[in-house]
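K.L.:
Since chain A is already given, all that's left is putting chain B on it; use the hints.
Here is what each chain is made of, one letter per residue.
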Amino acid sequence: MSVAAWGWTFLIAFGAFMVWIGLRGMIKTVTSDDYATARGSYRGWTLGLSYMAVVASGSTFMGIPGLAYAYGFKAGYYPMLYPIGIYIGTMLIARRMKRAGDRLSSQTVPDFLGDLYRSTALRIIAALVSIFLIYYLMSQLAASGQMFDVILGVPYRWGVVMAIVLVVAYMITGGAHADIITDAVQGLFMLAIAVFVIGAFLVAMGIEGGGGPAAVNAALDPELRWDVHTDPSVATFSSWWVILLLFIAHLGFVAQPHLGNKFFALRGGGQTRQFILFSSLTGLTVGFLFLGGVLGRAIGVEVEAPDQIIPAMFLQLLPGWAAAALAVAILAAIISTADGLLMSISQIFANDIYRKTWVRLRGGDVNSPEVDRRALLIGRVGILLTGVVATLAVMNPPELLAILLWVGIGGIISSLTGPLFVGLFWKGATAFGATSAAVLAFAVYFAIHLGPQFGFYEGVYPWNENPFASTGVASMLGVLLTVVLSRFGTPLPADHVEHVHAEESDDEWDGTLDQRPEGLAEVGR
Amino acid sequence: MNVMVVGLLSIALYGVVLALWLSFDKRRSLGAKREVVEP
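Just so you know, the sequences run in chain order A and B.
The first sequence lines up with residues 0 to 524 when you count with numbering that gives the first Met the number 0.
The second sequence lines up with residues 0 to 38 when you count with numbering that gives the first Met the number 0.
No lab work stands behind these hints: they were computed from the structure.
Be careful, since some hints might not be right.
Claimed, not checked - Just the calculated beta-carbon pair ranges, DEER-fashion:
| id | chain 1 | residue 1 | chain 2 | residue 2 | range |
| --- | --- | --- | --- | --- | --- |
| 1 | B | 22 | A | 11 | 44 to 50 angstroms |
| 2 | B | 14 | A | 217 | 36 to 42 angstroms |
| 3 | B | 21 | A | 127 | 33 to 39 angstroms |
| 4 | A | 376 | B | 14 | 45 to 51 angstroms |
Just so it is clear, CB atoms sit at the ideal spot from N, CA and C, and this is done for glycine as well.
The following block holds chain A by itself, in its conformation from the complex (with noise of 0.2 angstroms):
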C-alpha cells in the first residue's frame, strides 16, 4: 500500500474514533455548565494530558522544528522554556482558579475575570480580546491543510474542510467532555512521535556511521551548532535578554481561554498536584521535538517550506505505513488545540455576552433552565458558525498568519495575565485597576509590536518584530499597572474577598461536591 492509502485508513479510523468520543460526550451534557466546562468529571493525569495536548498545538510539531531546521540549535531555546513558562503559571495558579472558579460558577476566562472582580466592564473587555482567538484557530486549520496536502496529497482546501468538519462534529455534540477526552488520547499519539523523534536524535538516524547526538551537530553547517547560542539577525533569538522574555511572555500563557477554562473540569482540587506533573513532565518532552528539524537539516531533508520538515523526514526515513501513523498523529495534534479553541469562541457568544451579560442587563435570571437551555444552544451554533468564518479565512493560504496568530495570543496574554495572576493572589485588588490594567496592557503591546507589523510605523527591534519580547514586557507591565491602579479603586466586597479565597473544604478537594449553578441542582445528568 501507498503512504497515501495508508494515511487514508489511519485517519478514517481517527475520525471515527473521536465522532464516537464526541456521542459518548453527548450523553454526559445535559447543562450549559456540563456542555461549557465538563466541570468536576475528570482525574488529574487525563486533564494533564488533554491540558498538554492543547497546549503544544501545531507549532510543536510544524512551526518550531521548521525553525530548528532554519537556525539549528538555537532554535531549541524556545521549545526547552516555553513549556517551563507555561507550566510555572499553571502551578501557580491552576488550584486557585480551580476553587475559586467553582464557587462563583464561572465557564470562560473572561466569565471568572467579570466573577473575580464583579465587573461587567472586565468581563466584556476580555470577551473582546478574546475573539482574537479565531486567528490562532485559522493557523491551526492552514497547518492541517499543509499536512494533508503533505502527506495524502490531498489539495489544501480539502484538507482544511474536512479537518474543520471532523472537529466540529464532535464538539457540537460532545463539547467539553469530547474537547478534553479527545485531547487527552491525541496527547498519547504526540507524546509517541515525540519519544521517536528524540530516540532517532540520540542514534544520528539516517546519518552514516551513526554516532549519536555529536555526529548530528558535526554534519550541520558551524552557524546552526550547539556552540552558538544567540543570532543578532534573528530577532527571537537575538540575544539573552529576549531569550529570558521567551519564558515571561509564556508564564501568562495560561490566562487564554482555552487553556484557563480546563482546571474547572477537575475532579476537586486535590487532582491539581497530578494534573500538574503529568502536563508539565510530558509538555517538556514533546517540546523536544525541534530535534526532528535538528536532524532532518543535519541528514539533508529537501522541503519547500522549513514547516514541513517533520513530516518530510518521516516520508524519507520511514516504511510507509508508519510515516502515515505518524503523519496522523501530527493531525491529531493540530486538531486538539482547534477544537478547545473552537469551544472557547463559541462560550464566549453563549456565555459571555449572551447569558452573563445580556440576559443580567435585561433583569433575568442567569441560572433558569429556560437560558441555560438557550446558551447550549447558541454554544452549540456558536460552534459551526465560528467553523465556517475560520474556514473561509484561510481558503487561500493566509501570508500574514504568524501576524495574525499573535495579535490574538499576545494581545490576550498581555491584556489578562496581570488581572488574573494579581486578582487569584492578592485580595486588595479591584475591579479599576484590573480593567483599566487590561486596556493599557494591550496598548503597550499594540504600540511596541502591532503597531509595527501592520505597518503603521518602523518600531524599534526586536520589538517590532519578536511578539515574545513584547508580549513578556507587556505582560509584566499588566501585573505592575493591577496593583498601582488598583489603589484608585473601590476594594471589592469583605463577604466576597473571603468567598474567593478561603481554603478549599474536604469535598471542594475530593471533588464529591455537586458543583453545578443553583437553579439547575435538579436538572438530571
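P.N.:
Positioned in the frame of chain A, the structure of chain B alone reads:
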C-alpha cells in the same frame, strides 16, 4: 557550554521548582482537611 546543556539545566531547575511546589502544596492541603470527630 552548548545549547542542549543550558536547556537541560533549565529543565532541571524546573524540576526543583516542581518538587518544592509539590511539597509545599501538600502541607497546605493537609492543613485544610476537616477534623474527624469521634461519635
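K.L.:
Would you mind marking each hint as holding or not holding in the structure?
P.N.:
Evaluated hints:
no., hint, result
1, B:22 - A:11: 44 to 50 angstroms, "holds (48 angstroms)"
2, B:14 - A:217: 36 to 42 angstroms, "violated (30 angstroms)"
3, B:21 - A:127: 33 to 39 angstroms, "holds (38 angstroms)"
4, A:376 - B:14: 45 to 51 angstroms, "holds (46 angstroms)"
The structure fails hint 2 only (numbered hints given earlier).
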